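A.B. asks: Chains A and B, in that order, give the protein sequences.
Each step along the first sequence adds one to the number in the numbering used here, with nothing skipped, and position 13 is 13.
Each step along the second sequence adds one to the number in the numbering used here, with nothing skipped, and position 4 is 182.
One or more of the hints may lead you astray.
[To be verified] SDA-like mimics (lysine to any residue), calculated; alpha carbons at most 25 Å apart, straight line:
no., chain 1, residue 1, chain 2, residue 2
1, B, K241, A, P49
2, B, K241, A, G138
3, A, K56, A, D130
4, A, K30, A, R113
[Stated by the list, open to error] Okay, the calculated bits of chain A under chain B, using three or more residues with CB under 8 Å as the criterion:
no., stretch
5, 125-138
6, 169-177
[Stated by the list, open to error] A few chain B positions that, by computed beta-carbon distances, are all more than 12 Å from chain A:
no., residue
7, V222
8, E255
9, D265
Just so you know, the hints here were simulated from the structure itself, not pulled from any lab data.
Here the structure is a predicted model, which is why all the values come from computation and not from measurement.
From the three backbone atoms N, C-alpha and C, an ideal C-beta is built for every residue, glycine too.
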Amino acid sequence: MRALRILVAGCVLALLGVLVWDVAHRSGGKIARDVDRGEIVKAPAFRLPRTTGGGKLSLASLRGKVVVLNFWASDCVPCKQEQRRLNAVAARYSPKGVVFLGIDEIDLNGPARAYLRHYDVRYPSVSDGDGAVAGMFGVTGTPETFFIDRRGRVVPPHIVAPPQGDALEAGIRRALSA
Amino acid sequence: MIRVALLTAAAAFALAVAAPASASEQHPTESELETMLACPSCHVPLDESDSPVAQQMKAFIRKRIAEGATRSQIVDELVGPPNNLGDAILAVPRTHGFDLIAWVLPLGGIAVGAVGVGAGAWRWSRRRASNSLLLADGPSLDPELERRIDEELLRFDG
């Protein structure tokens, strides 16, 4: 009888442990909130498959450059509205060590590739099929844009929806000077 | 003779169960796959979702069925490369790997519960039996009292 009690107590403790672990690991998603408060936070590491195929790309491989992280999806209308501007700004800032990286969120590969072809997106894009990286950043929809400085830190602003005015260029300048 | 009949019946049953399963694996239907999968953005079964990504998934399923892909191939291509939508799109957990826990844990819980109930029932019945034995082995009644009880019982029976 004592062994049964120990077994039951062990099961309850194990389930509690799983619950605590789950809650602790759902603490992601604070990046957008913290950046919106004006804080500078460390960018989470990720490694995702390239949308156009040809292996994976990690954020760490871009260390030393300013990274403009743009979350998008092929069915997202505002993404289409901002895409040509993103292309133009990416081309303009490329010589200054700024890399644009698209993160295709919860999307099928076929439509995503068609989107990249249709809008002639020249900068790299990776597929976040299950939205895990979007979750880490606290992305609530598409498009959303983050700026990562040369030291791998996310700096304000965090742009939700297509950028207005020169918000995109201002974000890049801030990341360059951080 | 009975053994042969039983074996024949078992083989017929296994064939009856396995044949449709194999047919479904080789020639899946769109509706069957849509009940097996869930929309990754709204987390409802695919056949109940009309979200843009659900529509993309339905179109993908239609295309792959037309191309002659098997059920496993279609599911694998949605969960893993090239679409990488992850295990969250599975409406029913897989029966291998880590997902096996989803099946084993409830069944294990039921088994442990059944063992617990069985052990409790066994202990209870043993206690009752020992109590009966204690009563049976108890001190004998006073002869006078026993005689009076017999008389009372006879009166009731009469």
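A.B. asks: Run every hint past the structure and note whether it holds.
C.D. replies: These are the hints, each one checked on the structure:
Note on B/K241 and A/P49: the hinted pairing holds, with a Cα-Cα distance of about 23 Å set against a maximum of 25 Å. Among the hinted pairs, B/K241 with A/G138 is inconsistent with the structure: their alpha-carbon atoms are about 34 Å apart, more than 25 Å. Between A/K56 and A/D130 the CA atoms are separated by roughly 15 Å; this keeps the pair inside 25 Å, and the hint holds. Between A/K30 and A/R113 the alpha-carbon distance is near 30 Å, which puts this suggested pair outside the 25 Å criterion.
Judged by the Cβ-Cβ criterion of 8 Å, the stretch 125-138 of chain A is covered by chain B as claimed, because 5 of its residues qualify and three suffice. Taking a C-beta to C-beta cut-off of 8 Å, the stretch 169-177 of chain A contributes 0 residues in contact with chain B, too few for the three needed, and the coverage statement is violated. Its beta-carbon lying about 14 Å from the closest one in chain A, B/V222 satisfies the requirement of being farther than 12 Å from that chain. A beta-carbon of chain A is positioned within 12 Å of the beta-carbon of B/E255; the least distance is around 9 Å.
With a closest Cβ-Cβ approach of about 8 Å to chain A, B/D265 is found to fall inside the 12 Å limit, against its non-interface label.
Violated hints for the displayed structure, listed by number in ascending order: 2, 4, 6, 8 and 9.
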